[in-house]
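Input sequences plus hints: build the corresponding full structure.
Protein chains: 2
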Amino acid sequence: MRDPGALDAFSGDESVVAPVRPLAAVRARSVADVQATLSWASQHGVPITARGGGTGKAGGCVPDAHGVVLSLAELDSIRSVEARHGWAEVDAGVITGPFREAMEEQRLFYPPDPGALDACTLGGNVATNAGGPVALKYGVTRDYVLGVEAVLADGTKLELGRRQPKGVAGYDLARLLVGSEGTLAVITGVRLGVLPRPREILAALLPFASIDDAADAVARSRLLGLRPRALEFFDRTALQRAARSPGFPQDPAWGALLLVEFDGEPGEPEAALLRFVEGLDKAPLDVQVATGEARRRDLWRLRRETSRLVKAGAAGWITEDVAVPVGSVPELVALLPGLGERFGLCALAYGHAGDGNLHVNLIWDEPEAGEQAEAAADAVIEAALRLGGTISAEHGIGLAKRRFLPREIGDRSLQLMRALKDQFDPKGILNPGKVLGGPW
Amino acid sequence: MRDPGALDAFSGDESVVAPVRPLAAVRARSVADVQATLSWASQHGVPITARGGGTGKAGGCVPDAHGVVLSLAELDSIRSVEARHGWAEVDAGVITGPFREAMEEQRLFYPPDPGALDACTLGGNVATNAGGPVALKYGVTRDYVLGVEAVLADGTKLELGRRQPKGVAGYDLARLLVGSEGTLAVITGVRLGVLPRPREILAALLPFASIDDAADAVARSRLLGLRPRALEFFDRTALQRAARSPGFPQDPAWGALLLVEFDGEPGEPEAALLRFVEGLDKAPLDVQVATGEARRRDLWRLRRETSRLVKAGAAGWITEDVAVPVGSVPELVALLPGLGERFGLCALAYGHAGDGNLHVNLIWDEPEAGEQAEAAADAVIEAALRLGGTISAEHGIGLAKRRFLPREIGDRSLQLMRALKDQFDPKGILNPGKVLGGPW
Numbered sequence: 180m181r182d183p184g185a186l187d188a189f190s191g192d193e194s195v196v197a198p199v200r201p202l203a204a205v206r207a208r209s210v211a212d213v214q215a216t217l218s219w220a221s222q223h224g225v226p227i228t229a230r231g232g233g234t235g236k237a238g239g240c241v242p243d244a245h246g247v248v249l250s251l252a253e254l255d256s257i258r259s260v261e262a263r264h265g266w267a268e269v270d271a272g273v274i275t276g277p278f279r280e281a282m283e284e285q286r287l288f289y290p291p292d293p294g295a296l297d298a299c300t301l302g303g304n305v306a307t308n309a310g311g312p313v314a315l316k317y318g319v320t321r322d323y324v325l326g327v328e329a330v331l332a333d334g335t336k337l338e339l340g341r342r343q344p345k346g347v348a349g350y351d352l353a354r355l356l357v358g359s360e361g362t363l364a365v366i367t368g369v370r371l372g373v374l375p376r377p378r379e380i381l382a383a384l385l386p387f388a389s390i391d392d393a394a395d396a397v398a399r400s401r402l403l404g405l406r407p408r409a410l411e412f413f414d415r416t417a418l419q420r421a422a423r424s425p426g427f428p429q430d431p432a433w434g435a436l437l438l439v440e441f442d443g444e445p446g447e448p449e450a451a452l453l454r455f456v457e458g459l460d461k462a463p464l465d466v467q468v469a470t471g472e473a474r475r476r477d478l479w480r481l482r483r484e485t486s487r488l489v490k491a492g493a494a495g496w497i498t499e500d501v502a503v504p505v506g507s508v509p510e511l512v513a514l515l516p517g518l519g520e521r522f523g524l525c526a527l528a529y530g531h532a533g534d535g536n537l538h539v540n541l542i543w544d545e546p547e548a549g550e551q552a553e554a555a556a557d558a559v560i561e562a563a564l565r566l567g568g569t570i571s572a573e574h575g576i577g578l579a580k581r582r583f584l585p586r587e588i589g590d591r592s593l594q595l596m597r598a599l600k601d602q603f604d605p606k607g608i609l610n611p612g613k614v615l616g617g618p619w
Numbered sequence: 180m181r182d183p184g185a186l187d188a189f190s191g192d193e194s195v196v197a198p199v200r201p202l203a204a205v206r207a208r209s210v211a212d213v214q215a216t217l218s219w220a221s222q223h224g225v226p227i228t229a230r231g232g233g234t235g236k237a238g239g240c241v242p243d244a245h246g247v248v249l250s251l252a253e254l255d256s257i258r259s260v261e262a263r264h265g266w267a268e269v270d271a272g273v274i275t276g277p278f279r280e281a282m283e284e285q286r287l288f289y290p291p292d293p294g295a296l297d298a299c300t301l302g303g304n305v306a307t308n309a310g311g312p313v314a315l316k317y318g319v320t321r322d323y324v325l326g327v328e329a330v331l332a333d334g335t336k337l338e339l340g341r342r343q344p345k346g347v348a349g350y351d352l353a354r355l356l357v358g359s360e361g362t363l364a365v366i367t368g369v370r371l372g373v374l375p376r377p378r379e380i381l382a383a384l385l386p387f388a389s390i391d392d393a394a395d396a397v398a399r400s401r402l403l404g405l406r407p408r409a410l411e412f413f414d415r416t417a418l419q420r421a422a423r424s425p426g427f428p429q430d431p432a433w434g435a436l437l438l439v440e441f442d443g444e445p446g447e448p449e450a451a452l453l454r455f456v457e458g459l460d461k462a463p464l465d466v467q468v469a470t471g472e473a474r475r476r477d478l479w480r481l482r483r484e485t486s487r488l489v490k491a492g493a494a495g496w497i498t499e500d501v502a503v504p505v506g507s508v509p510e511l512v513a514l515l516p517g518l519g520e521r522f523g524l525c526a527l528a529y530g531h532a533g534d535g536n537l538h539v540n541l542i543w544d545e546p547e548a549g550e551q552a553e554a555a556a557d558a559v560i561e562a563a564l565r566l567g568g569t570i571s572a573e574h575g576i577g578l579a580k581r582r583f584l585p586r587e588i589g590d591r592s593l594q595l596m597r598a599l600k601d602q603f604d605p606k607g608i609l610n611p612g613k614v615l616g617g618p619w
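Note that the protein sequences, when read in sequence, are chains A and F. Going by my numbering, the first sequence opens with residue 180, and the numbers climb by one from there. Going by my numbering, the second sequence opens with residue 180, and the numbers climb by one from there.
For the record, the hints were derived by calculation from the structure and aren't laboratory data. Careful: at least some of the hints might be erroneous.
Stated by the list, open to error - Pair ranges (Cβ atoms, derived): (1) Gly616/F x Gly446/A: 18 to 28 Å; (2) Glu338/A x Gly495/F: 30 to 40 Å; (3) Ala244/A x Ala598/F: 24 to 34 Å; (4) Pro425/F x Ser256/A: 18 to 28 Å.
Said to hold, decoys possible - The calculated DMTMM-like cross-link candidates involving lysine to aspartate or glutamate, where the alpha carbons are at most 25 Å apart (straight line), are: (5) Lys606/F x Asp430/F; (6) Lys316/F x Glu261/A; (7) Lys316/A x Glu379/F; (8) Lys336/F x Glu261/A; (9) Lys316/A x Asp333/F; (10) Lys461/F x Glu261/A; (11) Lys490/A x Asp590/A; (12) Lys490/F x Asp292/F; (13) Lys316/F x Glu449/A; (14) Lys316/A x Asp322/F; (15) Lys336/F x Glu449/A; (16) Lys461/A x Glu261/F.
What the hints assert, rightly or not - Okay, the calculated bits of chain F under chain A, using three or more residues with CB under 8 Å as the criterion: (17) 344 to 350; (18) 366 to 379; (19) 403 to 412; (20) 528 to 542; (21) 565 to 577; (22) 582 to 592.
Every residue, glycine too, gets a C-beta built ideally from N, C-alpha and C.
Here you go:
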């Protein structure tokens, strides 16, 4: 496909990285299409950027102006569901949300629940090691990847991984592809582990008077020996901005809000919630249990819309996806008001506090207020690294976080990664420039 | 250390691979010792075989006759325990069992429980991606490795990985080292995730009239939506051989035995066990609940001794550590009696049936009966691969399983793995010949 207008649909993602119109786009309808495209690209040295749902937050699927986009979105069949083995095989382009629902209908559970689950693809989730709220109890995409079908830069199809949870047969190439953002191979299919569906889930909102009280509660859950399914946090500024939209839970007295969820056999979630609330040193201002599945889904819809709601009406924003050691979340959150003041913008945080993973948003409502946004983002990254954290918990590096990568991993690790990349992709045609920078 | 007698202690492991006396052994007392050894070895092209507890089952730490053993056993401190963050940092030589007990004392839980836990080291567990019974619910060593401190072949120390569960900052080099059996780098320290300790654990023995009934029960647990902590299986032959030793549970009517364990908040394990037993199509012959922690530990001691007990008095044996897709366990088990007959030896299986991972033992009591043992082992491997399984679920490849590796992963994957190895270890000094074969 080479129609300029149509190509615009393949030019960007959901990050602040500027879209780039590729030379052409290929919409693969079979694995053979992927192989043929890569074989051709390899022969002619054409950059190839694989693309799933285009919902990335770091520019990972923003193409090269001289390259070709390889869309996997039309490879969208669930190949098989083997409940007795505990896995399902899918094409890379299957959308995450519908897949999770298809599993639920079979009383199965595929945990990873990234924010864009109604549009992102499972192949894209693997390429970025996507997470989500229930990663707290259940882990991220990596933890469910049993096997990967991938096409190498020269067009060779490989089957990597296993058909059972355990295995030590050589190096774990399947997991090496997880999070590699299309720079090592193009993922065309995935074998994903699925669990039995928990029989009961209970969600509750716990507003607290202060951020400290909420942060204490997060730490307390661990000390109480509880394993919540999710433990989401909203700071006061995030609440205030999101609450400008109707339906978002709000109260001026709330200094911070936790959305906590437990699952298990019937009766177990209620018992766990009770033990959590009773075990807190600083009681929440309220305990709003979501009565019924509809209300629970509603809460999660609002949680997923937080990213959009806090930016409504803004002139610009930068979203950082840092994580810090779980016990250091209060320290990170405490820095934000001062940081916002120093750089003249709004700094807020919400997200997966139970995993130490906060989405820090820097938002400005007047165009000129954005001048120092890059410097503010640097300060957030520096703070996360100083606390022992990471520059990207679940969004990936792509183009947007690339300049910070050496600061986190060091030059020797970067050099090793580049050497590995060269083995997979000697001509450097796979998503060039992403993650590791280069060419080098 | 170069005293020939003393060197014998560093010459073998617990596999059938013949011990090899190395030229010398270095007992590292610091990471600097490891760096100095590797730097020297790199300069002089001396093969280095890293060694933990020496309890491997595949010859992974059997050294080169012209090489040096680098023992990590004396690097044995727990560096720190950060309960608030959910991890502990340890030296590679810390023994697994005592580490798990130290965590329990702090109401924490480090799940991986390989059979040799009283002697194997955490560094060795990482190098082989060790598993164990509770992998069924909690996963294997890989799932707990947050970070790795490793020394490269040239003596450079690297810090890989993260301090929180999530992270996508470049390729996952820490996890690439998991299961690499000392061929990519020497692991000197590990940051391991730890969970809250479950408050109650309940174990029970469920004998069944036939292997089919037991296999149905394993499959049923998944369909019932239950998540047992462990689900261990013993076939009739394993029971009969183990029962020649006193204390092992036995009854002539038992066709197969399951050891099942549930954990959770107080009351939850009993409820789960009840639901499991009531949900079975074919009732067990008995339900023997382990009353009290002492009896529970006793059952696990017997389970861990099964490997030794079934071989008592034997002239020889081969142990295979295959896994198949979970639903195919009955098919694999059904092959064993015929296989034993065909090759004139005793073929039995026990192990982690809930994960599809069975330890198939080929045992002979008269020396001459072992003549066809290799052929029988080949047949086991072929059967596992035909069912979509793996040649090594948790023991690793080492030397013993090397010849089967290409059959499982294919030539192109093997070639890629060798190319990656070359990047980490250009002079080929790290545990040469292990896993991938070579030099090539």
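Each hint tested on the structure:
no.	hint	in the structure
1	Gly616/F x Gly446/A: 18 to 28 Å	violated, 55 Å
2	Glu338/A x Gly495/F: 30 to 40 Å	holds, 36 Å
3	Ala244/A x Ala598/F: 24 to 34 Å	holds, 31 Å
4	Pro425/F x Ser256/A: 18 to 28 Å	violated, 57 Å
5	Lys606/F x Asp430/F	violated, 57 Å
6	Lys316/F x Glu261/A	holds, 19 Å
7	Lys316/A x Glu379/F	holds, 18 Å
8	Lys336/F x Glu261/A	violated, 44 Å
9	Lys316/A x Asp333/F	violated, 39 Å
10	Lys461/F x Glu261/A	holds, 23 Å
11	Lys490/A x Asp590/A	violated, 36 Å
12	Lys490/F x Asp292/F	holds, 22 Å
13	Lys316/F x Glu449/A	holds, 22 Å
14	Lys316/A x Asp322/F	holds, 13 Å
15	Lys336/F x Glu449/A	violated, 48 Å
16	Lys461/A x Glu261/F	holds, 23 Å
17	344 to 350	holds (count 7)
18	366 to 379	holds (count 5)
19	403 to 412	holds (count 4)
20	528 to 542	holds (count 4)
21	565 to 577	holds (count 10)
22	582 to 592	holds (count 6)
When the structure is compared with the earlier hints, violations turn up for hints 1, 4, 5, 8, 9, 11, 15 and for no others.
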